[in-house]
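Q: These are the residues of each chain, in order.
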Amino acid sequence: MSADAASLSLSIRAPGVLQRLLPGRVLRGVLGLVLILVAWQVSVPLIGLPDYFYPSALAVWVAFLDLIRKGILPVYVGDSLWRYGAGVSLGTLIGVTLGLLISLNRALARLLAPLINFLYAIVEVAWIPLFVIWWGYGIKAILVSLIYVVVFPVLYNTIVGIRTVPQVYVNAVRSLGGSRLQVIREVLLPAALPNIITGFRVGAGFAFRGLIFAEMIAAKTGLGYLIFEGTAHHQTARTIVGMICMGVLWLFIDNVYLKPFERATVERWGTVVSAEDRG
Amino acid sequence: MPALSRQRLDRLSGAVPFFMALVGWLLLSKFGNLPEYMLPPLSQMWVRFTDGLVDGSLLRHVGGSLYRLAISFLIGNGLAIPLGIAIAMNRHVSDLLRPTLTFFQSIAGIAWVPLAIIWFGIGMGSVVFVISNTIFFGAIYSTVIGVQTIPKTLHRAVLCHGAKGLQVFTELILPGALVQIILGLRTSMAYGWRALVAGEMIAGSSGLGYMTIEAVQWYQTDTVIMGMILVGLLWLMLDRVLFAPLERRTVARWGLLQR
Numbered sequence: 001m002s003a004d005a006a007s008l009s010l011s012i013r014a015p016g017v018l019q020r021l022l023p024g025r026v027l028r029g030v031l032g033l034v035l036i037l038v039a040w041q042v043s044v045p046l047i048g049l050p051d052y053f054y055p056s057a058l059a060v061w062v063a064f065l066d067l068i069r070k071g072i073l074p075v076y077v078g079d080s081l082w083r084y085g086a087g088v089s090l091g092t093l094i095g096v097t098l099g100l101l102i103s104l105n106r107a108l109a110r111l112l113a114p115l116i117n118f119l120y121a122i123v124e125v126a127w128i129p130l131f132v133i134w135w136g137y138g139i140k141a142i143l144v145s146l147i148y149v150v151v152f153p154v155l156y157n158t159i160v161g162i163r164t165v166p167q168v169y170v171n172a173v174r175s176l177g178g179s180r181l182q183v184i185r186e187v188l189l190p191a192a193l194p195n196i197i198t199g200f201r202v203g204a205g206f207a208f209r210g211l212i213f214a215e216m217i218a219a220k221t222g223l224g225y226l227i228f229e230g231t232a233h234h235q236t237a238r239t240i241v242g243m244i245c246m247g248v249l250w251l252f253i254d255n256v257y258l259k260p261f262e263r264a265t266v267e268r269w270g271t272v273v274s275a276e277d278r279g
Numbered sequence: 280m281p282a283l284s285r286q287r288l289d290r291l292s293g294a295v296p297f298f299m300a301l302v303g304w305l306l307l308s309k310f311g312n313l314p315e316y317m318l319p320p321l322s323q324m325w326v327r328f329t330d331g332l333v334d335g336s337l338l339r340h341v342g343g344s345l346y347r348l349a350i351s352f353l354i355g356n357g358l359a360i361p362l363g364i365a366i367a368m369n370r371h372v373s374d375l376l377r378p379t380l381t382f383f384q385s386i387a388g389i390a391w392v393p394l395a396i397i398w399f400g401i402g403m404g405s406v407v408f409v410i411s412n413t414i415f416f417g418a419i420y421s422t423v424i425g426v427q428t429i430p431k432t433l434h435r436a437v438l439c440h441g442a443k444g445l446q447v448f449t450e451l452i453l454p455g456a457l458v459q460i461i462l463g464l465r466t467s468m469a470y471g472w473r474a475l476v477a478g479e480m481i482a483g484s485s486g487l488g489y490m491t492i493e494a495v496q497w498y499q500t501d502t503v504i505m506g507m508i509l510v511g512l513l514w515l516m517l518d519r520v521l522f523a524p525l526e527r528r529t530v531a532r533w534g535l536l537q538r
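Top to bottom, those sequences are chains R and X.
Each step along the first sequence adds one to the number in this note's numbering, with nothing skipped, and position 76 is 76.
Add 279 to a position in the second sequence, counting from 1, and you land on the number used in this note's numbering.
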């Protein structure tokens with residue numbers, strides 16, 4: 001079971017690309033991006049398709065400036081970020097709390113495992129229609145679906161993490177007179193942390209795409225809405241602006257917040273050290 | 280064999296929460312005073328399910344979805360893995376392309392649906408394009424990483440022993456990158472599955488996603504919930520039947536999974 005979670009995280013947490021890039025490599029990478037852009041721009045007159053079908057790089061740049069000048073893009077990005085932040089943090093909080101409560105009782109954890117597995121397998125995308133029926137199009141349906149995406153990987157990995165804590169550690173703290181709360185704080189949480197972070201990373205990754213989709217279906221602002229609305233009005237350049245912003249935003253979130261956060265917490269709290277170090 | 284009976288007990292007890300959820304549903308729809316569109320009675324779910332089976336629409340939707348997924352999986356991986364290896368074998372090319380791949384991977388999937396509709400129209404083409412795209416960028420990225428993270432020493436060792444051309448490929452590159460490639464298959468499938476359901480909702484003309492989003496228009500909550508349950512069951516089946524054994528046989532056996 002832990003194999004599922006670990007494998008997911010392994011491939012998503014692809015080696016820290018940024019830190020290992022040497023200056024020469026960065027330059028070559030940038031060159032690659034520039035080449036793609038040039039090829040895109042040059043191919044447009046050669047292929048000769050209508051602008052709404054295959055807009056040029058320049059047209060996308062113009063649309064980008066236009067969206068900024070009209071103040072649409074900053075507002076949309078802000079809305080998306082706000083929804084994402086709220087959904088992911090609420091989801092993580094709920095996931096960890098539920099995971100702790102469930103795994104404090106081994107029998108309960110075993111009892112609920114299949115149900116959690118099943119709910120985890122119903123991807124959030126499939127829930128959105130039901131949420132829309134229940135709460136209509138709008139922020140409520142979006143937030144709930146984001147929370148849903150994050151809760152299950154976090155919950156699942158929290159339970160797995162706590163279940164694999166060696167009983168010896170718990171016994172040790174117990175016999176030194178640790179209370180139940182201290183066992184949780186000094187043993188279970190730090191030991192399960194790497195798993196929890198893994199679940200968080202998986203959830204945060206799925207949640208970002210989930211957000212874009214939810215905004216396509218149920219929102220009137222946000223990047224997902226921009227991507228969706230652009231083509232509906234034959235403003236395909238706007239759609240592409242939205243897609244590029246989405247990619248940049250995700251890389252930013254991933255490299256500036258998630259990866260350093262992961263490194264900081266996992267390294268600092270480590271699997272085994274914490275109990276004696278912080279005692 | 281105590282282990283076996285324990286397992287059987289677990290499996291039995293695992294059914295309990297499902298059973299309780301069903302009972303809760305039954306009670307809530309009977310006494311909860313909720314309108315039918317919010318929580319359809321269980322009996323109605325059953326009627327909808329059997330109706331779908333009898334007129335064949337349910338099987339058509341499920342079959343259509345799986346068919347699109349299979350085609351896209353073949354297209355995506357069939358293109359991505361050879362291309363990924365080719366790119367990664369040349370350090371200059373892979374340095375050149377890696378940031379681009381990272382970027383495309385981060386927008387792969389659902390975000391392409393509107394563009395796909397413009398290019399391919401509503402229906403099969405769009406959906407297959409979106410899923411293949413998702414799977415392609417997931418798989419190619421992990422393939423490139425897999426080849427590039429093969430330790431240099433291994434490379435030198437293989438060359439020292441006089442390996443040439445194709446041998447380097449079969450003895451070093453392929454086995455060295457295989458773990459990443461297999462992990463990539465599974466991850467990209469997970470993203471591909473989401474893209475399938477989402478793509479069918481927006482751009483589909485049949486399939487599970489289409490069935491569900493169509494039902495929203497008519498407030499047929501029973502169909503929506505049936506679609507959700509099928510999405511969950513099918514994914515568990517795919518994961519258990521295809522990927523878990525594959526991974527057990529390869530990745531876990533070679534001891535590369537961190538537990």
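Hints in this document: simulated from the structure, not taken from any laboratory.
Treat the hints with care, as some may be off.
What the hints assert, rightly or not - Keeping only pairs whose Cα atoms sit at most 30 angstroms apart, straight-line, the calculated DSS-like set for lysine-lysine is: (1) Lys140/R to Lys309/X; (2) Lys431/X to Lys259/R; (3) Lys443/X to Lys431/X; (4) Lys70/R to Lys140/R; (5) Lys140/R to Lys259/R; (6) Lys140/R to Lys220/R.
Q: Each hint should be assessed against the structure and marked as holding or not.
A: Results for each hint:
1. Lys140/R to Lys309/X: 26 angstroms, holds
2. Lys431/X to Lys259/R: Distance of about 26 angstroms is within 30 angstroms: holds.
3. Lys443/X to Lys431/X: 16 angstroms, holds
4. Lys70/R to Lys140/R: 27 angstroms, holds
5. Lys140/R to Lys259/R: Measuring from Cα to Cα gives roughly 29 angstroms; hence the hint holds.
6. Lys140/R to Lys220/R: 13 angstroms, holds
This entry satisfies every hint, going by the numbered hints stated previously.
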